[in-house]
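K.L.:
Residue numbers (this note's numbering), protein chains in the order written: chain A, 1 to 186; chain B, 1 to 159.
There may be inaccurate statements among the hints.
Keeping only pairs whose Cα atoms sit at most 27 angstroms apart, straight-line, the calculated DSSO-like set for lysine-lysine is [unchecked claim]:
| id | chain 1 | residue 1 | chain 2 | residue 2 |
| --- | --- | --- | --- | --- |
| 1 | B | LYS4 | A | LYS110 |
| 2 | B | LYS73 | A | LYS74 |
| 3 | A | LYS86 | A | LYS110 |
| 4 | A | LYS110 | B | LYS73 |
| 5 | A | LYS107 | A | LYS162 |
| 6 | A | LYS107 | B | LYS4 |
| 7 | B | LYS73 | A | LYS107 |
| 8 | A | LYS74 | A | LYS107 |
| 9 | A | LYS162 | A | LYS74 |
Keep in mind the hints are simulated off the structure, nothing from the lab.
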Amino acid sequence: MALCLRLAKDSWGISWVGYLMISSTEVTMKIVYHCYGGSHASPVAAAIHLGRLPSTEIASREELLKLDLFDQIKPSLQGTLVHVGKDPEGNEVFVLGARNNSDILLKTLKGVTRIIGEDPDDYVFVDLRPCTNLWMNIGGYTSRVLGLVSLGRPLVSWGVGKAYPKISGLVQQTRSRLGLQRAGGK
Amino acid sequence: MSLKIIYHCYGSSHSSVVAAGIHLGYLPKDRVPTRQELLNTPHYDRTMTRDLGTPFLFGHDSHGFEVYVLGRKNAVHLVENLIPSVLEYYGHPTHEILLVNALERLSMITTAGGTLSRGMGFISIGRPLTVWGIRRSYWNFVRLVDSVQERIGRISLPS
Numbered sequence: 001m002a003l004c005l006r007l008a009k010d011s012w013g014i015s016w017v018g019y020l021m022i023s024s025t026e027v028t029m030k031i032v033y034h035c036y037g038g039s040h041a042s043p044v045a046a047a048i049h050l051g052r053l054p055s056t057e058i059a060s061r062e063e064l065l066k067l068d069l070f071d072q073i074k075p076s077l078q079g080t081l082v083h084v085g086k087d088p089e090g091n092e093v094f095v096l097g098a099r100n101n102s103d104i105l106l107k108t109l110k111g112v113t114r115i116i117g118e119d120p121d122d123y124v125f126v127d128l129r130p131c132t133n134l135w136m137n138i139g140g141y142t143s144r145v146l147g148l149v150s151l152g153r154p155l156v157s158w159g160v161g162k163a164y165p166k167i168s169g170l171v172q173q174t175r176s177r178l179g180l181q182r183a184g185g186k
Numbered sequence: 001m002s003l004k005i006i007y008h009c010y011g012s013s014h015s016s017v018v019a020a021g022i023h024l025g026y027l028p029k030d031r032v033p034t035r036q037e038l039l040n041t042p043h044y045d046r047t048m049t050r051d052l053g054t055p056f057l058f059g060h061d062s063h064g065f066e067v068y069v070l071g072r073k074n075a076v077h078l079v080e081n082l083i084p085s086v087l088e089y090y091g092h093p094t095h096e097i098l099l100v101n102a103l104e105r106l107s108m109i110t111t112a113g114g115t116l117s118r119g120m121g122f123i124s125i126g127r128p129l130t131v132w133g134i135r136r137s138y139w140n141f142v143r144l145v146d147s148v149q150e151r152i153g154r155i156s157l158p159s
């Protein structure tokens, strides 16, 4: 609801009346960051969203490796909706590895939520696949699929460093679309 | 607790529909249905690509449990991982939804017919092929539904 109003405001220039309505309704959303494997781009995005990683400068390799989910999800566990945390505004943040089937999987996620009698309309999906690069793909594949962690993990962290501005930018864009403050840098 | 059964297959228009149809009694268990009976099953060879991913309600079975049909392309294990994790997040028991893969024992003819009819839009060629294929492997569906109903019977007995 809040998102719709916000978008309506963005596109049709509805004035401050709409904005007041948005700020007065305290609707929390469920933000799902999803990418191919759910273990590199989306955990980093979720961490930036939650302020666990810096948003203005590129995180160091040690900071990345300290994340709980970074380079952890096995291919056999892809598709699991992982709850990462709650941001200061009360929105829940999730990570999902949807391979290239995100169109199907996100509809299933909403459908199942509806079936079990919960509210399916407060999801916000953010696709991280456009932010990834070749090094992340190669490193992620080497580490997760082939199991060569010692070879793949440095490669993928290096790739994440390269993609970091894009990922951070997408997170900031998401946050501002939801009417949230910019993620505080560390 | 109300149990929900989801039959899932590639396109949610043939095998999962037939399995759900047998489950709900739209299709017979003791004989192979006629061509017309299959074509009259709701949603049979009707689902569009845009419907994939959305589980839709097919009906209520004799226990009052909801039976759903879901098309999930090749994302079998993604869906099988996703659904329990969603239930867990909302604090529901993971056995609230019973996922049944209806595509395990499908004949190649139905696959080819389904691709022609649903994927490419050649309904006049594809639809009869799917019917032929389903009728050839019909007993597999009956056995699948029997095993599911046996499991449900065991679950629903104590309550």
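K.L.:
Each hint should be assessed against the structure and marked as holding or not.
P.N.:
Right, here's what the structure says about each hint:
1. Under the criterion of a C-alpha separation no larger than 27 angstroms, the hint pairing LYS4 of chain B with LYS110 of chain A is consistent with the structure, at around 16 angstroms.
2. At roughly 21 angstroms between alpha-carbon atoms, LYS73 of chain B and LYS74 of chain A fall within 27 angstroms of each other, so this suggested pair holds.
3. Of the supplied pair hints, the one linking LYS86 of chain A and LYS110 of chain A holds, its CA atoms being roughly 20 angstroms apart against a limit of 27 angstroms.
4. Of the supplied pair hints, the one linking LYS110 of chain A and LYS73 of chain B holds, its CA atoms being roughly 17 angstroms apart against a limit of 27 angstroms.
5. A distance of roughly 31 angstroms separates the Cα atoms of LYS107 of chain A and LYS162 of chain A; the hinted pair therefore is violated under the 27 angstroms criterion.
6. For the suggested pair LYS107 of chain A and LYS4 of chain B, the alpha carbons sit about 18 angstroms apart, so the restraint of at most 27 angstroms is met.
7. Proximity of LYS73 of chain B to LYS107 of chain A is assessed by CA-CA distance (about 13 angstroms); at most 27 angstroms being required, the pair is judged to hold.
8. The straight-line distance between the Cα atoms of LYS74 of chain A and LYS107 of chain A is roughly 23 angstroms, inside the 27 angstroms bound, and the hint therefore holds.
9. Restraint check: the Cα-Cα separation between LYS162 of chain A and LYS74 of chain A comes to about 23 angstroms, which is no more than 27 angstroms; the hinted pair holds.
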